[in-house]
Structures are given as C-alpha cells and as structure tokens.
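Q: Chains as they are written, first to last, in numbering that gives the first Met the number 0: chain Z, 0 to 416; chain Y, 0 to 306.
Honestly, the hints are just simulated from the structure, not real lab data.
One or more of the hints may lead you astray.
[What the hints assert, rightly or not] BS3-like mimics (lysine-lysine), calculated; alpha carbons at most 30 Å apart, straight line: (1) Z:LYS95 to Y:LYS204; (2) Z:LYS15 to Y:LYS132; (3) Y:LYS204 to Z:LYS103.
[Stated by the list, open to error] Facing chain Y, a subset of chain Z residues (Cβ under 7 Å, in silico): (4) LEU74; (5) ARG101; (6) PHE109; (7) HIS111; (8) HIS117; (9) TYR126; (10) GLY127; (11) THR130; (12) VAL133.
[Unchecked claim] Pulled from the structure, derived: some chain Y residues nowhere near chain Z, Cβ distances all over 12 Å: (13) LEU40; (14) ALA54; (15) ILE62; (16) VAL145; (17) SER250.
We put the CB at the ideal spot given by N, CA and C, even for glycine.
As a plain string of letters, each chain reads:
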Amino acid sequence: MPAIEAHHLYKVFGRKGREGVKRLEAGAGTDELKDAGLTPAVIDASFTVEEGEIFVVMGLSGSGKSTLIRMINGLHAPTSGHVELYGENITAATGKDLRRLRRKRISMVFQHFALFPHRSVIDNAAYGLETQGVGKEERRARAHEALELCGLSGWDEHLPSELSGGMQQRVGLARALAADTDILLMDEAFSALDPLIRRDMQDQLIELQQKLGKTILFITHDLNEAMRIGDRIAMMRNGRIVQVGTAEEILTDPANDYVAQFVADVDRTRVLTAASVMEKPAAVLGAEQGPRAAHKLMREHQIPAMFVTGRDRTLKGYVTEDEVGRHLEQKDLTGLLHPVPDGARVSPDTSLADLFGPAAETPAIAVVDDAGRLNGVVPRITLLSALAAHAETDVADAPVTADHENKDDETKEAARA
Amino acid sequence: MPESAAPVTIVPPIPIGTWLETGFTWFKQTFDALFDVIGDLITGAINGIADPLLALDPLVLAIILALLGWLLRNWKLGVGTLVGLVLIIGMDMWEPAVETLALVVVATVVALILGIPLGILAARSPVVSRIVKPVMDFMQTMPGMVWLLPVLKLFSIGVAGALVATVIFALPPAVRLTELGIRQVDGEVVEAGQAFGAGPRQILKDIQLPLALPTVMAGVNQVIMLALSMAVIAGLVGGGGLGNEVVGAISTLNLARGFDAGISVVILAIFLDRLTASIGSRRPGHGRLRELRDRFTRTPATATSAS
Numbered sequence: 000m001p002a003i004e005a006h007h008l009y010k011v012f013g014r015k016g017r018e019g020v021k022r023l024e025a026g027a028g029t030d031e032l033k034d035a036g037l038t039p040a041v042i043d044a045s046f047t048v049e050e051g052e053i054f055v056v057m058g059l060s061g062s063g064k065s066t067l068i069r070m071i072n073g074l075h076a077p078t079s080g081h082v083e084l085y086g087e088n089i090t091a092a093t094g095k096d097l098r099r100l101r102r103k104r105i106s107m108v109f110q111h112f113a114l115f116p117h118r119s120v121i122d123n124a125a126y127g128l129e130t131q132g133v134g135k136e137e138r139r140a141r142a143h144e145a146l147e148l149c150g151l152s153g154w155d156e157h158l159p160s161e162l163s164g165g166m167q168q169r170v171g172l173a174r175a176l177a178a179d180t181d182i183l184l185m186d187e188a189f190s191a192l193d194p195l196i197r198r199d200m201q202d203q204l205i206e207l208q209q210k211l212g213k214t215i216l217f218i219t220h221d222l223n224e225a226m227r228i229g230d231r232i233a234m235m236r237n238g239r240i241v242q243v244g245t246a247e248e249i250l251t252d253p254a255n256d257y258v259a260q261f262v263a264d265v266d267r268t269r270v271l272t273a274a275s276v277m278e279k280p281a282a283v284l285g286a287e288q289g290p291r292a293a294h295k296l297m298r299e300h301q302i303p304a305m306f307v308t309g310r311d312r313t314l315k316g317y318v319t320e321d322e323v324g325r326h327l328e329q330k331d332l333t334g335l336l337h338p339v340p341d342g343a344r345v346s347p348d349t350s351l352a353d354l355f356g357p358a359a360e361t362p363a364i365a366v367v368d369d370a371g372r373l374n375g376v377v378p379r380i381t382l383l384s385a386l387a388a389h390a391e392t393d394v395a396d397a398p399v400t401a402d403h404e405n406k407d408d409e410t411k412e413a414a415r416a
Numbered sequence: 000m001p002e003s004a005a006p007v008t009i010v011p012p013i014p015i016g017t018w019l020e021t022g023f024t025w026f027k028q029t030f031d032a033l034f035d036v037i038g039d040l041i042t043g044a045i046n047g048i049a050d051p052l053l054a055l056d057p058l059v060l061a062i063i064l065a066l067l068g069w070l071l072r073n074w075k076l077g078v079g080t081l082v083g084l085v086l087i088i089g090m091d092m093w094e095p096a097v098e099t100l101a102l103v104v105v106a107t108v109v110a111l112i113l114g115i116p117l118g119i120l121a122a123r124s125p126v127v128s129r130i131v132k133p134v135m136d137f138m139q140t141m142p143g144m145v146w147l148l149p150v151l152k153l154f155s156i157g158v159a160g161a162l163v164a165t166v167i168f169a170l171p172p173a174v175r176l177t178e179l180g181i182r183q184v185d186g187e188v189v190e191a192g193q194a195f196g197a198g199p200r201q202i203l204k205d206i207q208l209p210l211a212l213p214t215v216m217a218g219v220n221q222v223i224m225l226a227l228s229m230a231v232i233a234g235l236v237g238g239g240g241l242g243n244e245v246v247g248a249i250s251t252l253n254l255a256r257g258f259d260a261g262i263s264v265v266i267l268a269i270f271l272d273r274l275t276a277s278i279g280s281r282r283p284g285h286g287r288l289r290e291l292r293d294r295f296t297r298t299p300a301t302a303t304s305a306s
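Just chain Z, with the same shape it has in the complex (with noise of 0.2 Å):
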C-alpha cells in the first residue's frame, strides 16, 4: 500500500474557493481567477509515495509547494480533494481522528525550525511522544536516542537558542524521528542552512533514511538538493505539478521548457549514469566465434578493439584488431582474449562524473549489471556528446514563442492524463 496518495488535490484562497475550483476544472487560467480575487495555491495535484522512498517536491517560492505539504498532514484543508496515508483519508479526519493521525503516521520538519524555545533540547526532541502519551522516563529515552542518532549527544538540557542553526535543525530532526511515525514531511528543511552544512544534512538524511526506513516527503527550491536526495521528484510550477520522475527522468526527458530550462543549470555528471547514456555495442562478438569473424567486424565497424561476451551475453573479456589480424590462422580466440580491467567496467548507475577516469584510459567503457552481464558500451565520444547536449538544449530553448507555450500545454495535459 502507498504511504502518500494526493487525490486531485486543490487549494484556492478567497472567499469562494469552491467556484474557483469549479472554474480552474473548466479551463480557466490562474490570472482570471486572480481578477476575481481568488488566489489558486495549488491546482490538480495528485501523486502517490512509495513506502520507503524520498519523494521530492520542487518549485521556485510561491509555487504552492509549502501549502501542499501542509495539506499532506491536515494542517490546510484542501478547497478539493483528499489525501490518503496508508489508506486512510486524513483531510475527512477531524478532532480526535486527526490527532491519532498525526501521531502514528506523520511527524514534520519545519524551514525555520518551529522549536519550542522554552523546553531543553531533549523535551524538544520528546514532544511528539508526549503528544502519543509515552511515559517521561520512557520519551526521554527515546528522544536522547534519536538526538544521538542525529549527532546531538551532549546537548540535552540546554536550551535551543543556545544552539547553531545546523544543530537547531537536527533538533528538528531528532523531533521527528523520536516520534517514530511512517511519514516524515520536510517543508525546506535545510534551506535556512549554509551550504556545507546543508550537503551535511543531505548526506545524514540519505542514511538515516537508508537506516531507518521511513517514507520521505521533502520540499525544497533546490534542483540540486533534489537530484541529490529525490528517489523520484515532482516538479512544481504555479500551482501545477508539471513532472513527475526520477532526476535522470526530469533531465533527460523534461515535460517542458520550463523545466528544460530549470535542470539546465545541473550537474549532469552527477545525476545522468552510465546507463542513461551508454549504447547498444555496435558490435559483439560470441566467445565461439573464431578471429577471422572477429576481424571482419572491426574492419566493417572501423574499431580497433571489441568485447567478447558468453551465450548468456556475460562479459568475457575483449579482443584488439592487431593481435586478432596476426592470429587469423587460428581456431579460436585462445591466447588473443583479453581481461577488461576492473576501472573499465562499471554497473548501471555509475555517475557520469565517475566515468571521466576509466575513459581517459580506455576508449569504451563496458556497462554489466550485477549478474556479469554486458548491458551496453560508453565509448569516450559518446561521454562528451553526453555532456554537450546540455548545451544543445540551451540553445534549442532561448526563443519561447507561442508555439512553444501552446506544446507546453499539451505535454501538461498529457501528463494528466
């Protein structure tokens, strides 16, 4: 069963929300609604988290990504709607209901912390137990535990104030984890931080939720922050989610130029994988095959090496044009097949970054999934036109016109669809 499921989710502020819903269902345009006084926060939006994953929504301020996350645990009531956690609908739950609710599934981080600056750090760090009723010897435990889980030892009995902003946040943190619930929503949770503590933060949070298991939900105006921590990323843009995808998706593949012209200023070398950009190897030969086959395929193909895999395309090894020609005679490829060293294959999700290396040594990189087999080649020319399409696309995007809103609008619909 999904952790998260947002039905259609809507939020209009204004006194007739209602109506504005109705007309946004029928066509109508944010700035028509803005004449009639009504503000659209957050328009259609429905996607589903997985148990276990990180789920980034992202978008520029004002993009309703705040007021999103905040009808994920009830604290706005959608316009229109509903939002189910673990199956059960928490925007009908009211009261009583509600507050179960919160306390078993769904704990929250907040941008600017939300400590309580009158308790100590560990009653801080307690109070979602407190909330569920947990006995005081008992939350303290707890809460100490979850404060070392997120380096904090040491720090119980001082106030927050008295702590650095990095560390007030992993109090935060600790907050939530202490109350041990299924869902953790982070609203921009690192964004008031510097930048090296925030990469800190990203890479604590990786593992702890690798540790721990929970179901993520973040927001964050930060591509980067978003390829670097998002299993899967939501796109936001005035209100819409226009993208749902994993990072290399939402690069590779964007939507539209709007979010083209987002991911172009990313790292590609550190989202895009081998496996994105690796091809079909343009020719292969059969452990069986003898070296005159062997040589005529190099010939045809003008290379000077190729690999050499089994039956059950498990990678054997690789064979070059010189020794191959001046063995012609013999039967098999005994003698003439070489070990692809370790820098030379690499699995799947290997990083582009980390492919530069290995190509400066070799002129193709062999791509084998865990079970040996050869899934594809990166020859060096391929890396670098890998890299270039980034500029490409630049290009390509500088003149929106008309046209291109109106195709805008048509992947939009498709992806509703």
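Here the structure of chain Z is known, so what remains is to put chain Y in place on it, guided by the hints.
A: Chain Y alone, transformed into the frame defined by chain Z:
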C-alpha cells in the same frame, strides 16, 4: 446675557446619558439583591486580606515584603522596599496603605480571572476579538471617575463599589496583552504542535501560554498599576485606604497630609511595579525561589542516588 436660552440648532436633543440612566435604573432594581450579595463578598474578601495583615506588627510585615522583593528580584529591591515601608510607617500611613494594598490585590486578582480567559478567547476567535476590542476601548478611555457613578448607585458608599470601579478601569490591559501575547507566538511553532498531534488545549497550555508569558506579565504589571491609581481615586466613594486620606486632605486643604498619602502611593507603586516586572522578565527555571528550592531538594536527592 445670563439667560440660558437653548442654542439654535437643527440637531434634535440626543440624551444618551438619560437613556443609559434609565436602563441602568432598571438593571439595578432587577438585580438589586444580587448586587447586595456581591458587595458583601467583595467587602469580605478585602477585609479578609487586610485584617490579618494589619494584625501583624507593621515592622514584621515590612520585613516580610522586603524578603519577597529580594527573593523575586534582588537584594536592592529588598533594601528599597524596607526603607520605603519604614517611611510609610513613619508617616503614619501604614493602616491606609495596607488597606489600599488589599484593595489592589483583590482588584488585580479579579481583573486577571476575568481578563486572561477573555484574552485567550479573543486570541482564538476573530469574532470575540472584534467584539471585545471596542468594549475595551470604551472602558479604557472613559474617564476613570465616571465609573464611580454607576458603581455608587449599585453598591452605595463603600469598598465594594470602589473595587468594582477599580476592576473595570484595570481590566483592559489584561485582556489586550493576553490576546497580543498569544497572537505573537510564532505560527510555525503552533503548527509544529499541531503537526505532532497536540490538541487545542495542549497547544494552549504547553506552547501558547508559556511563550506569551512575558507579554501577559507585562499586562499583569499594567493591571496592578492601573488598579493602584484607581484605588486612590476610589477614595471618593468610600474606598478607604490612601484614597480616603487624599480625599480628606483635599477637603481640609491639609497639604502635609496630602503629601504623606501621595508619597505612600508612590512607594507602593514602585514596590508593586518592580516586583511584578521581575516575574515576567525572568527566564523559566532561573528564579531565586527555584534556586532556593533546588538547594533544599537537591541535597536529599543526590544523597538517595548515592546510597
């Protein structure tokens, strides 16, 4: 021309005061018995505080109050209190001063019991806030002495009427600053409480009130100051205490007595102001009372844990 002809105007006479009086008279006749009971209760409460205090030797009470000042703030306030109170004793104003103190204490307690919950309600409900605001404006800007009139009619001469007038005059800051204090609490912090599944009452008790405390205490301080100033004016309707002395001094043109009473009011005011201001500004858990308590409780605690 001494003749007082009606001025020529097209505005018809609007006797709001007369209407109010008519309504008020009906009100008084209907609830007369109730006000008798309330009056008795108030008089009883004030005497219940003033009598035991007056039964103590003045110097002993002065020393107790000085100790209180030292405990809640610092030794300077302690010494200052002692000097000031001895001065009051020396001016022969001790008894009226204690009566005034009792009146102020009861008025403050009543004002807070009414005002703080009202402020909380106003902070949570925009409707209540919108109603309360003009009422508070009205209460606060109406000249204090005007309140003496209806009160005099309801309770006749005596300390009960003085107290009610004092409460009316001193109530607004309690309501306003409580509302302000709660509204000023960072919205994200309140959201954090909600997000972790706290109910409205828990949020009020654990988050909003503690964080609003400095502002609420500033309100309490204001209430006390206003109560003191009104308690003196209430001498006009038989409120007793220093107000009585002042009124007496005015009617007999006794300058010396007037200043004795006035200086006593000032001393009381400074004492009460410093005392209550220190409560609001102190960080939780750092009071001298707490310090003392810790000193007495920690020793046995460490002893048991060591054994």
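Q: State for each hint whether it applies.
A: We went through each hint and held it up to the structure:
{"no.": "1", "hint": "Z:LYS95 to Y:LYS204", "in the structure": "18 Å, holds"}
{"no.": "2", "hint": "Z:LYS15 to Y:LYS132", "in the structure": "28 Å, holds"}
{"no.": "3", "hint": "Y:LYS204 to Z:LYS103", "in the structure": "22 Å, holds"}
{"no.": "4", "hint": "LEU74", "in the structure": "6 Å, holds"}
{"no.": "5", "hint": "ARG101", "in the structure": "4 Å, holds"}
{"no.": "6", "hint": "PHE109", "in the structure": "5 Å, holds"}
{"no.": "7", "hint": "HIS111", "in the structure": "6 Å, holds"}
{"no.": "8", "hint": "HIS117", "in the structure": "5 Å, holds"}
{"no.": "9", "hint": "TYR126", "in the structure": "6 Å, holds"}
{"no.": "10", "hint": "GLY127", "in the structure": "4 Å, holds"}
{"no.": "11", "hint": "THR130", "in the structure": "5 Å, holds"}
{"no.": "12", "hint": "VAL133", "in the structure": "12 Å, violated"}
{"no.": "13", "hint": "LEU40", "in the structure": "37 Å, holds"}
{"no.": "14", "hint": "ALA54", "in the structure": "41 Å, holds"}
{"no.": "15", "hint": "ILE62", "in the structure": "34 Å, holds"}
{"no.": "16", "hint": "VAL145", "in the structure": "41 Å, holds"}
{"no.": "17", "hint": "SER250", "in the structure": "52 Å, holds"}
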